Amino acid sequence: MNMKKQAAVASALVLIASGAMADEIRVLNWQGYGTDQEFALAPFTEATGHTVVHDYFNSEQEMLTKLRTNPGAYDVVLINAAFFPDVLAEDLLQPIDTSKVANFADVAPDFAANDSLNVDGSLYGVPWTWGLTSIAINSSTISETPSSINVMWDEAHKGRVSIRDDAVEAVQLAALATGQNINDIQDMDAVEAKLGALMPQIRTFWGSENDWNQFMAAGELDVASYWSGSAERSAASGLPVQFVVPDEGAIGWLDGLAVPASSENVDAAHAFINWMIDPAFYSEWNANGAPASANAAAAAALPEDAFNRKVLGDPEVAARVQFMEPVSEENREAYLEMWQALKAAQ
Amino acid sequence: MANILSQDTRRAAGLLTPAYLWLTVAIFLPLAAMLYFSFLSDVPFGPEADWYYTSENYRAFFETGTYASLLWKSIKLGLTVTVICVLLGFPCALVLAKVIQGRSREALFLLIILPFWSNSLVRIFSWAIVLRGNGVLELAVNWVLPFDIRLGLMFTPTAVVIGLVHSYLPYVILTSYLALQAIDNSLIEAARSMGAKRLTILWRIILPLSMPGLLAGAVLIFVPVVGSFMEPRILGGRFGTYYGTVIEDQFTAVFNWPLGAALSFILLAVVLVILALSSPILRNART
Amino acid sequence: MGVLGCIWLVLILVFLYAPILIMAMMSFNESQFYQLPFKFSLDWYEALASNDAIKTAAIRSVLIAIATTVIATTLGTAASIALFRYSFPGKRVLQVLLFPPIAIPWLITGTAMLIFFFGIGLGRGTPSVLIGHVALALPYVIVVVSARLATFDPTLEEAARSLGASSWTVTMRVTVPWILPGIIAGGLFAFAVSFDQFVVSYFLSEPGDATLPVLIYTSIRKGFTPEINAVSTIIIVISMAIMLLAARFSNFGGDR
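So the protein sequences, as listed, match chains V, G and U.
Residue 1 is where the first sequence starts when you use the working numbering, and the numbers rise one by one after that.
Residue 1001 is where the second sequence starts when you use the working numbering, and the numbers rise one by one after that.
Residue 2001 is where the third sequence starts when you use the working numbering, and the numbers rise one by one after that.
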């Protein structure tokens, strides 16, 4: 509570310093992904006078489409670090003025210096959240926690496996399973063979957390690829889900908050980003199932047994994580073609 | 004669212009832009956009067998769904038009279209709840039958067909009804009084006269089903890859509008060719 | 034939309403993930009562669908009559042109509209959404109304005309009454197309102005809750009441 008050005071100071009026800021994000949490918005409006309106996207490609065809429509946009080059290539973002984001000082240095977010000495996105793409098991049908990603290829789970219908994610998981660097895959044939062997194991592909939860709740699956924050949320809602970081490692990702070049409410946008990386906001979000915070102070403020502190904060786990770098459009299309051919052969 | 023709044309233009002007602004011109994109190597956005004219997006269709085999799979799906819808829906329309009398007919007419007013995504997920293992259907069947039965319908091509038939059945029922209801009952009575058998009446009078409605319904089913992607994705499981899902991927998984557009226009061309080829056969069937 | 036929009709209705009933049932089920067995609960209706976003979106969707229905049905009927009554050069082309909007997946058409409207400076907003919805509904209206017109005997028009009726009178007093069931069916389809249309609304509505399908489509990533079932159930029940009332007091089925 105290922290929240502090944050409110800090934001109010920013507000006064910049002499800004109450603005309406428009945020472009996935639905239900932090920025539209009821508990965060009301106090933000109270503290700063700015109101927040949301628009949503359902894929990074749609986000890009919306950004480029709606100049001036958005003030804050959530972008995955791996997609920053695509957005920056079209000059769609403006540099972040870190002096207006007081909480930026607490952002973990590794994230703050991320190559995808920093171009020519300017920061274009404030690291906000991060997490892992790995596997989650149905703890009501698998009693012993597997240590290897190869559990997905195990005959015992034939017809009870699922992965996301996403070419890049599928290829990178197969790269992990074949012991390769996900950002520099040398042996694509091995990846293709590995995915080909996975196909008969699969019950269905999932596309969204909604699918995932429903299929798991209906008892259709034993093991499926999943995101760490989502696994937390599913478990919190009572599903028998356990997130696993296997020996082969996991895919790490980082989400940043950015300000479009065409934004006209730049100060309010910065104030909102500052609010979003505040530890007070994060603690409350984490209680409802959230990805890990890129803010070191926020992570440290979590209870000791919190998944995002206990597992993701574990140096042993961190050593196994391969952070996802931007994938060239060329590779993306090649992965998709291979993935479609594999699926079409079913 | 020429004068009458031009008067016809003028009158027709008056009635047609609002609708087709609307379609031009909202559909034809945007699709023309897409058609243009389908001949580019990359979308022409951004300050450093790098693109050139090419036919490689259309060639891609022929270079791997994937797209052609998926299109064939989708056409078969379209035919299956259309035939099932016609077989289920036409008798239903016949009963509605010729057996049911009075006001209950209007009520039933409306009841048939009402399920259409629900959201398709919600509808598809409801089917998932019905079809999945331990879902409503299996529970119901096992409640009736004494022994344990596993239907295993979910995540199969059958589930896709069930979902699509449900989504498109009202089209063929209503268009057939519109034509059947217009058939003069005295015509049927006259045939009957002359000793024509029921089957003969159906085959020689009812079917030919209701053919325009039946065909309109069939076309309204076949055409969109070939490009469908939502039902296959959610209900088809690992068998749910169809031509429509591959097109969708070009817009949501990668930023390849040119290829997605080219695949769409190939779909359009193939569908139009199928309709053109089948129209003389169907016209012959009418007479 | 009568009894068997009625049984068939009932079976078809059961098939058509099965998922609708499940949808309604799940709005009264406790589980957030649509789990069985069924446990009765009114939680989702309570949640809906305080969820302004869903309520506003639902009302917006209904209003847009009504406007779409009125415009598309009017324009579509006029076009159908012209295509039926007159012969003129290029008629076949106009008929074939109805297929692209039906055949090309909405995602592609929607994306095309977005970039085109952006290009000509029309931008986003409710007018753009309405333009898109009407355009997508028009081909359905024209095909359905034309199916009914195909059963119309043109000599009726000629007879009326020979009695001195003007072209407008002939249309309104002879043609339209005959094709009324087709017009109503076309209108019902237009409503359905608009009410279920998410791509166009998704790309063309202003931020914060989401329609119900957009809300459902975007919430799928995190997972939609049975609140969606609750609002869908309420909409279906209200529409059913309105429709049955309309059927009670009208005779558009064209008894003959």
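Keep in mind that the hints were calculated from the coordinates and are not lab data.
Certain hints may be false.
DEER-style ranges, computed between Cβ atoms [to be verified]:
1) V:S143 with U:S2041: 30 to 36 Å
2) U:A2047 with G:W1051: 45 to 51 Å
3) V:N288 with G:L1139: 52 to 58 Å
Some chain G residues close to chain U (C-beta under 10 Å, calculated; not the full set) [to be verified]:
4) I1027
5) L1096
6) A1182
7) R1192
None of these values were measured; they are calculated from a predicted model.
Even for Gly, the Cβ is constructed at its ideal location relative to N, Cα and C.
Hint-by-hint comparison with the structure:
For S143 (chain V) and S2041 (chain U), the hinted distance range of 30 to 36 Å is satisfied, since their beta carbons lie about 32 Å from each other. Taken as a hint, the range 45 to 51 Å holds for the pair A2047 (chain U) and W1051 (chain G), whose Cβ atoms sit roughly 49 Å apart. For N288 (chain V) and L1139 (chain G), the hinted distance range of 52 to 58 Å is not satisfied, since their beta carbons lie about 33 Å from each other. Of the supplied interface hints, the one on I1027 (chain G) holds, with its beta-carbon coming within about 5 Å of a beta-carbon of chain U, less than 10 Å.
For L1096 (chain G), the suggested interface contact is upheld, since its CB lies about 7 Å from the closest CB of chain U, less than 10 Å. Interface restraint check for A1182 (chain G): the shortest CB-CB distance to chain U comes to about 4 Å, inside 10 Å, so the restraint holds. Hint status for R1192 (chain G) relative to chain U: violated, with the closest Cβ pair at about 12 Å, above 10 Å.
Taken one by one, the earlier hints fail for this structure at numbers 3 and 7, listed in ascending order.
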